[in-house]
Amino acid sequence: MAASRLPEADLEGIEGVRMTWNNWPRTKVEASKCVIPIAASIQPIRPHVDLQILPYPPLRCKTCSAVLSPYCRVDFTALIWMCPFCYQRNHFPQHYQSISQTNLPAELYPNFPSIEYTIPSYPQNPQNFNTSTTVCPIYLFVLDTCLLEVELDFAKSALKRAIGMLPDNAMVGFVSYGTQVQVHELGFSEMSKVYVFRGSKELSKDQGFCDLLHNEIFLLPASECEYTLNSLLDELGTDQWPVAPGKRPLRCTGVALSVAAGLLGASMVGTGARIIALVGGPCTDGPGSIVSKDLSDPVRSHKDLDKDAAPFFKKSVQFYEDLGKQLVSQGHVLDVFASALDQVGIAEMKVAIERTGGLVVLAESFGHSVFKESFKHIFEDGELSLGLSFNGTLEINCSKDIKIQGIIGSCSSLEKKGPAVANTVIGQGNTTAWKMCGLDRNTSMTVFFDISSNEKSDPSGTNPQLYIQFITSYQSPDGQTRLRATTVTRRWVDGAVGTEDLVSGFDQEVAAVVMARLASYKMEMEEGFDATRWLDRNLIRLCSKFGDYRKDDPSSFTLNPCFSLFPQFMFNLRRSQFVQVFNNSPDETAYFRILLNREIISNAAVMIQPSLISYSFNSLPAPALLDVSSIGADRILLLDSYFSVVIFHGTTIAQWRNMGYQNQPEHQAFAHLLQAPHDDAELIIRDRFPVPRLVVCDQHGSQARFLLAKLNPSATYSNAHEMAAGSDVIFTDDVSLQVFIDHLQQLAVQAS
Amino acid sequence: MATPGGPRPGNFPPNYSTNTLANNMQNLQINQQQSNNPRGDAPRPPHAAPPGQQPQPFGGNRPRAPPPGVFPRGPVPTNGASQTTLPWNPASTLTSPSSVFQPPPSFIMRTPPPVALASSAGGPVPPPPGAAPLTGPGTRPQPFISAPLTSVPPVLPQMSTSGPSNNGPTAFSSWPSQGGPHFPPAMAGTPQPPAGPPQLPTLMTSGPSAQPLQMRPYFRSPAGASPVTGQPAPPFSAPTQSMHQPSGSPHGMQAWPPQPGQVAPHPPVPGPMQQQRMYGMLPAPPPLPNQSMSLSHTGQSKIDPNQIPRPIRSSSVIIHETRQGNQSSPPPPATSDYIVKDTGNCSPRHMRCTINQIPCTVDVLSTSSMQLALLVQPLALPHPSEEPIQVVDFGENGPVRCSRCKGYINPFMKFIDQGRRFICNLCGFTDETPSDYHCNLGPDGRRRDADERPELCRGTVEFVATKEYMVREPMPAVFFFLIDVSMSAIQTGATAAACSAINQVIDDLPEGPRTMVGIATFDSSIHFYNLKRALQQPLMLIVPDVQDVYTPLQSDIIVHLSECRQHLELLLESIPTMFQNNRTTDSAFGAAIKAAFLAMKSSGGKLLVFQSVLSSIGIGSLSAREAEGRSNKTAGEKEAQKLLQPVDKTLKTMAIEFAEYQVCVDLFITTQTYVDIASISVVTRTTGGQVYYYYPFSALSDPAKLYNDLRWNVTRPQGFEAVMRVRCSQGIQVQEYFGNFCKRIPTDVDLPAIDCNKTIMVTLKHDDKLQEGSECAFQCALLYTTVYGQRRIRVSTLSLPCTTMLSNLFRSADLDTQFACVLKQVASEIPSAPLTQVREQATNVCINILHSYRKFCATASSSGQLILPEALKLLPLYTLALLKSIGLRADGRVDDRSFWINYVSPLSTPLAIPLVYPRMITIHDLDEKDLDDSPIPSPVPLSSEDISDEGIYLLENGEDCLIYVGNSASPDILQQLFGISSIEEIPNQYVLQQYDNPLSKKLNDVVNEIRRQRCSYLRLKLCRKGDPSGMMFFSYMVEDKTPSGLSYVEFLVHIHRQIQSKMA
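Quick note, the sequences are listed as chains R and C, same order.
Going by the UniProt record's numbering, the first residue of the first sequence is number 1, and it counts up by one from there.
Going by the UniProt record's numbering, the first residue of the second sequence is number 1, and it counts up by one from there.
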């Protein structure tokens, strides 16, 4: 059943790369006619059963430093390999002497386009050389104490459990904050010792602070400080500073994070470390404030942001941007676990989280399973491990004529210039190398490419294949330094747009996700950007270009199967939280977008177009149309919209269940039917991070809105009479998919 | 109370299990103890018998309000008899005398001073009080007092009874420390005391007769009102013989003024310039008391140094009635021992005027060249035999006040119109008597109830303040301790000393639910401690940002003492070890006090700072500018004097803010380096605090003083959030206030804290003429909160006669007060004017006064004679001493001079004289002397001629105490006094010990008596010839000629010449 959710499992393969176009147009003009940008979604350290790990360092081209790959032309007699990117001839070193056509090193095996090298020590970092053998991750916990007693207790117990789960050698630090920031010195034996920083003032980075932090022991191996930390947490109370009536508590999240960054920066530059912040409310004091102290001022909404009526927003974003830069330069990660009914400022922190490759989880309460399970998940070991890695660097080499515009995702540009840097920038651009302070096995990002050649360049001599190499070096969870080289090849397509080759290379799922990411990005970056119009226009252009139709005859319109799902994706994207932001708070939007950008394609596609599975007595569980018509009184529906998983019982099913038939032996089938969606939901939830919210509801129940909001409103009050009994209607004025398609066909066939 | 030395009561939390920690503490304590308690005889643990834990019925020493320097732990009544435990705690004696010899108190409420003290002192001193009987009363004061306190309001409102009730907290009423063993005799009417009163008539009569202004060079002793005259005549008997005697027995006599006769025999020395009569010994008795001397201009002293005026201290007690026959009576000298009976005017302890008659016009005053000023000390300690100040409660309406000038009701308000109205003696306005305060007048024109109402018959009363006098609830007593833990502080033992002192003082903090404490330490950052009881152990909260400080917690930093005592004790014991490896050399002093202030801001209170190194980082950080100044010699005096000024305004601004929130800062500077007292003292001066200076800090000899200073600081009578104003009768107004306070509006001074030692100088000026024959009144009103949280107004009124006669002014001049004023003014000038100018100014004050006297009151005498008004005959000596004092010497360390300037600022009148003219006594012959009433022998003049090589001398100025051992001192006496066999063994750091011999006991008696008198523990130092300590000792010999200063005789000649040139 899970398979039905992932009908084409492992599309990414060992490469971990999926592209919007698998066959590339040759020229810039043709590329622009393709409407959908040429982009690749990559998963830099995707785990794979076949992945080889080589215990030696890679051979690299001496001019472009590309790594030896199966696509290199090798002269076994001369022991020379030619770099496919720059055509530089490189000699094999001494120890490769014995290679031959039949005795290939693993990196030359054609079925290993991805290969990983273990680098014994990290020579770039001489000062850390000694410690490199014992590199252990650092976890610096930052806990908000401006909480209700009960919330704080939840948070504290989550922390305690987390500390218990940490490997013994993991270094741990602890910072709590409220009106002020308290840095707990764990290595002071005489008494509990706390450094207190005021919350209203940005920390000056003078060396006084650094000196101070140098002298003391704030970070200790988990095994040594677990007891101290536990008793410290036991004593930790909610923030003592009084809150005036009608005011918000003074909460200095910004300074707290800045102090945490400073703490790590003082001693741990270059060592993998993450700041794990548990935030329970909006920052109201000091830098990074998002709202005034006065309760009568609500936290900014999208409307405020649009109207520029959010006085704190820009300053706060600027602060977090600087913080992000600091963290990136230190190589540290910021994770935020926000649990509050109101917003806490994820929209502002987003930049720092994304740049550092941090994790983010948004929940309603520290007692909620979304928080509890997710928080537990990051410390999980073994199969469920997220494989949290540190200090990643991504370099991209590509064939001539290919330019890189940038990356949308959790990374930051290292500003490494090169011939492959495009003029136009999308996301983190202007570079061929990126820093990923934190990354995990699911981390995924979108690289946008551009074609530089305007004309067909010398067709005779050119290779019909293009090559792109992604080189990711990182520090694995167990402290090893790894380098993964993934080399992919695609084919150039000559000729006009619409050729068979081009069409057949289109990956509509990737294209939908890329469009969603790009639209989100533009909504954030471009003022007054109308995402709906932009999506519509592109969709119409795409259909005009690639559709088969007679001009001005909508009924003649057909689409190649390679494109057929795309309009529906767009329809759902238009209705999704990524485009229709006004139903959500800026924090939620930011949260959704961070995840949209860092999830793998299949998960991202689920965010855009949820999957729906129907369970009934008469058939096996089967995917159902994401349509209100799928609702049936005798059915159970399982909706996976990524952020929430909804189990929806039809009226009849709900009645039976309420009567307790499932407990009667003669109705065991009913019990199985009831259980099946729960089992499937469990599977979905188990390996997803953040843990989705599980909603179990009945038809006509209040929670049913989680399902109805995602369904195509083919039945509304206007046409309710046409619907079959037991079905449902959605009270909305939104257009249904049918109407949307109709319009699309009309517009597509019009002369452009 | 923790018992640092003894076995711990087992309340170490398990995590402190390291015995080393405890042991360290023990050692530390032991060392200190040894220093305090240096009796070498027994190996007993010093704190073996912690008094606090003794099962005394009254819980040891808690409640009393003991005088300074009581060593709390040692003395327990039971121990009294046996000296073995802690008998000679140097500290303890301080308090003891008062109690020990106390005659049965004359007042009902009065309780003998705390017993515990007695016992500690009990050893050597004749133990008449017997441990047992005293114990009861001694420990009782608190319950005792509290009763009247609480009962006051109900009792007094009706005013039907005179209701003399005890004044407030024990502390105030029973501050016994002034008591001395010699009191009993005085009270008992031994022959001497009458000497006091009888003078009065003399003075009175001599006054009028002085008008002829016939000046006689002759000197007539008995006429003066000074203590001098109080003595019987013996000195006269042998004036001549004594002149050439080596210093020795005649010392006592020498000081006697009436030796002009000695001058006579000298042949006139032919002055180079003038032929003049060196002495005019006209036999006619001079009408006005003078002292005259013949002086030659050469300064070659044919004058016998033994005959020039020197102070003599009467050891007998004077009974002083503030008014007699409805006339103000001139007060006894401030330095003398007296018992005041408040008969209308306030005690001179509370308020003294430079002249006891007020010149009617500004012309008269300026002609006299004297200054008109008051020295007010509103909470001054009473003599133990004095009646306590009475508390008057007017109920909801508050005290009766003049509706125009807001003066408080006092005995000089004149009721008229059958008592329906009264005339304000300050502004002259006629007020309606409040109906419930109405009382008919008697035939003498006084209210019939005048004698029953303290406010109508006493010069000082205390009113219960109503809500009107409060802007908030009276603040609790808050004590915040801030301790330097920088490397240097730790290594010199200063931190340990401070912690130990605080730990011992905890029990002495004012008892009660309102007492709150907090503690913080600092080096380059500030460490607060959360002492809340719920926590397992204290939590240390560090404030690293010393540029912009803040308080790390809203509450729980300052906690009720009762809630945190254990934590506090534990913490204080662990601080020295906790920081023992501290390598931070920087000090964020400015930031630390600011942070502590922020913690205290909501309540106000006392901030007690223990500082050891120069503030080097954070706000208000300072530079070692002394060194810079030294290397930059060429800059000259101007630069040098700049070092005495605060380096910038930062700390001043901070201090003003502190004062606004009623935070008072006291600094205990335990240092071995320069700390720029000039800059940091601004904080104490502005907030009503004071600086204690331990330089160079010695871990051996200073902890005892530190402890005693701290103890006195927290236990002495004091008040918080005070406002003071002095009102004067029409015609006179206040010109300026000097002292340690903050002034925001011209008329009032704000005192975040005030205590019994703080004196404020109030200069006065005429704005109109006064009526001859009328009286001019001064009223000092101090609104304050007691340590127990009662709001009170202490009102002292002094009414003095007005006169147009210059001679009256000179006759009623108050030398001690005048000199104290000069001292304070000079001290305040030093930082802002070149030293030569200040010195000249000081000399000129003296010259001008004497010139004025010479010109207008002694016109008939020969110009060749130096004529001194009797009342001011010591002015030249004191002036000379002032010129040679630390503050006016250019060669001193900058910090020493700054400290001196600061020390002077709030200095009380009785302590002003000894500061510049210390008292020196011989101690090698202590046991030969038969001192009947005072343990302190008569002083020796401060002249090296009087220092013999065989002798051992003790010199004290109220702060330091130097013991000089002559090179040929008898080894036997050395052995007896110091336990050493030769002077080579004299230690650098000295701790007074008591050995089992009479001489040593007497020395201890003497030192303890001095401590008691001075309310100061004294820094003891042994000096010997030929090393720096000897140099220091001789620098106090103010009568000597020094490279930069004149000898006494030369100075007199100089003065004389100046006067002559002015006359010409």
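Source of the hints: derived by calculation from the structure; they are not laboratory data.
Just to be clear, a hint being listed does not mean it is correct.
To be verified - Partial list, derived from the structure: chain R residues whose beta carbon lies under 10 Å from chain C:
#1 L59
#2 V317
#3 E321
Unchecked claim - Each computed DSS-like pair below joins lysine-lysine, with the alpha-carbon atoms no more than 27 Å apart:
#4 R:K545 to R:K247
#5 R:K247 to C:K414
#6 C:K743 to C:K414
#7 C:K765 to R:K293
#8 C:K652 to R:K201
#9 C:K532 to R:K160
#10 C:K532 to C:K649
#11 R:K315 to R:K325
#12 R:K201 to C:K743
#13 R:K435 to R:K33
#14 R:K315 to R:K201
#15 R:K551 to R:K522
#16 R:K325 to R:K247
#17 C:K414 to R:K201
#18 R:K201 to R:K247
#19 R:K372 to R:K28
#20 C:K601 to C:K414
#21 R:K325 to R:K416
To be verified - So the derived label-pair ranges between C-beta atoms look like this:
#22 C:H560 to R:M525: 38 to 46 Å
#23 R:G246 to C:H438: 32 to 40 Å
#24 C:D648 to R:Y227: 26 to 34 Å
Even glycine gets a Cβ: it sits at the ideal position worked out from N, Cα and C.
Output the numbers, in ascending order, of every earlier hint that fails for this structure. 1, 2, 3, 4, 5, 6, 7, 10, 12, 13, 15, 16, 17, 19, 20, 22, 23 and 24
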